[in-house]
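*Asks:* Residue strings, one per chain:
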Amino acid sequence: MKRWVWTGDSFTWHFIAACVYLTAAWLGFDLAWRLIDVDILSLVVGYGLVVGVLGVVLARLVR
Amino acid sequence: MSKKLLGQSLILVICLVLIGLQVARFPFPSPAIAPLLGPRDRWPTEMVMAFIESETPPKSFLEFFNRDPERTVPPGGNLVAPADGVIKRIVRRPEQTHFVVGLSFWDVHVVRTPVAGRVLKVEEEGVAIFRERSETDADAYLDGKLGPVQKVIWIETDDGLFKLRLITSWWASRLKVSAYPGKALAKGERVGRILLGSSVVVDTPPDVEFRLQAGERVIAGETIIAGDLP
Numbered sequence: 001m002k003r004w005v006w007t008g009d010s011f012t013w014h015f016i017a018a019c020v021y022l023t024a025a026w027l028g029f030d031l032a033w034r035l036i037d038v039d040i041l042s043l044v045v046g047y048g049l050v051v052g053v054l055g056v057v058l059a060r061l062v063r
Numbered sequence: 001m002s003k004k005l006l007g008q009s010l011i012l013v014i015c016l017v018l019i020g021l022q023v024a025r026f027p028f029p030s031p032a033i034a035p036l037l038g039p040r041d042r043w044p045t046e047m048v049m050a051f052i053e054s055e056t057p058p059k060s061f062l063e064f065f066n067r068d069p070e071r072t073v074p075p076g077g078n079l080v081a082p083a084d085g086v087i088k089r090i091v092r093r094p095e096q097t098h099f100v101v102g103l104s105f106w107d108v109h110v111v112r113t114p115v116a117g118r119v120l121k122v123e124e125e126g127v128a129i130f131r132e133r134s135e136t137d138a139d140a141y142l143d144g145k146l147g148p149v150q151k152v153i154w155i156e157t158d159d160g161l162f163k164l165r166l167i168t169s170w171w172a173s174r175l176k177v178s179a180y181p182g183k184a185l186a187k188g189e190r191v192g193r194i195l196l197g198s199s200v201v202v203d204t205p206p207d208v209e210f211r212l213q214a215g216e217r218v219i220a221g222e223t224i225i226a227g228d229l230p
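Heads up: the sequence lines are chains B and F, in that order. The opening position of the first sequence corresponds to residue 1 in the working numbering, with each subsequent residue numbered one higher. The opening position of the second sequence corresponds to residue 1 in the working numbering, with each subsequent residue numbered one higher.
Derived from the structure by calculation, the hints contain no laboratory data. There could be a bad hint or two in this list.
What the hints assert, rightly or not - Example chain F residues on the side facing chain B (calculated, C-beta under 7 Å, incomplete): (1) Ile11; (2) Cys15; (3) Val17; (4) Gln22; (5) Asp41.
What the hints assert, rightly or not - The following label-pair restraints were derived from C-beta to C-beta distances: (6) B:Leu58 - F:Pro31: 51 to 61 Å; (7) B:Val20 - F:Ser54: 32 to 42 Å; (8) F:Asp41 - B:Phe15: 27 to 37 Å.
A virtual CB, placed ideally from N, CA and C, is assigned to each residue, including glycine.
Please put together the full structure from these sequences, using the hints given.
*Replies:* Spelled out as structure tokens, the structure:
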């Protein structure tokens, strides 16, 4: 039987980096929602686009 | 490998705690973003009301609330604002004018004398005294407050008698006056502090011409509210 072993490999680091990025994005959205005076739908769409594009760019850079 | 596991787990736990704090504190700001917000967003009205009810405001809010910045008092025979806030109303009567400044939770709560003079007396008036009066007499500066409490500083000047009223609600009832009878006051000098909310009113002789209107913001000791006294 194959035993599961924690390796902490490159994939894990990428997963953790994604978690950190999403956490920062989540808190950043909370901040933007409190500071920027626009309707919530525009904020979700605009902020989502920025976070999404930036996420893809960063993912390609670190791959 | 165990160090790596520990490090990776720690990062994930921090992320989870940050998200958890944000969700638990909603709609109030999470401690992670609060320092980046202005006072009104950092401590919204509902949050301040909860502080007051629980009587356990956090240290950061207390430090903010108790701030006492220096002010540059303009020279001349003008009148300066007695408190930071918004002018609620200017009520003119035959015998005197009431200049009413409303303070919000986020304003500096140090009260300054609008005019140089000598303190004649400091009166304390509670809810019972107000109830004995007619509404028309009281509502000029009470702005619909329930259970108002006030301290009135009588200031004698070369241009007549001025009264400075520090008003709060009975349940808050926290007024500190440092001025005392006989004390000579320089214009803009600190005379007291309202420890919670409310209003500061200047009663002036009727012939004082105010430069500002209701709705404008004023800064205690700095904003000129009336030109040279007649």
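*Asks:* Each of the hints needs a verdict: does it hold here or not?
*Replies:* How the hints compare with the structure:
no. : hint                          : result
1   : Ile11                         : holds, 5 Å
2   : Cys15                         : holds, 4 Å
3   : Val17                         : violated, 10 Å
4   : Gln22                         : holds, 6 Å
5   : Asp41                         : holds, 5 Å
6   : B:Leu58 - F:Pro31: 51 to 61 Å : violated, 26 Å
7   : B:Val20 - F:Ser54: 32 to 42 Å : holds, 34 Å
8   : F:Asp41 - B:Phe15: 27 to 37 Å : holds, 33 Å
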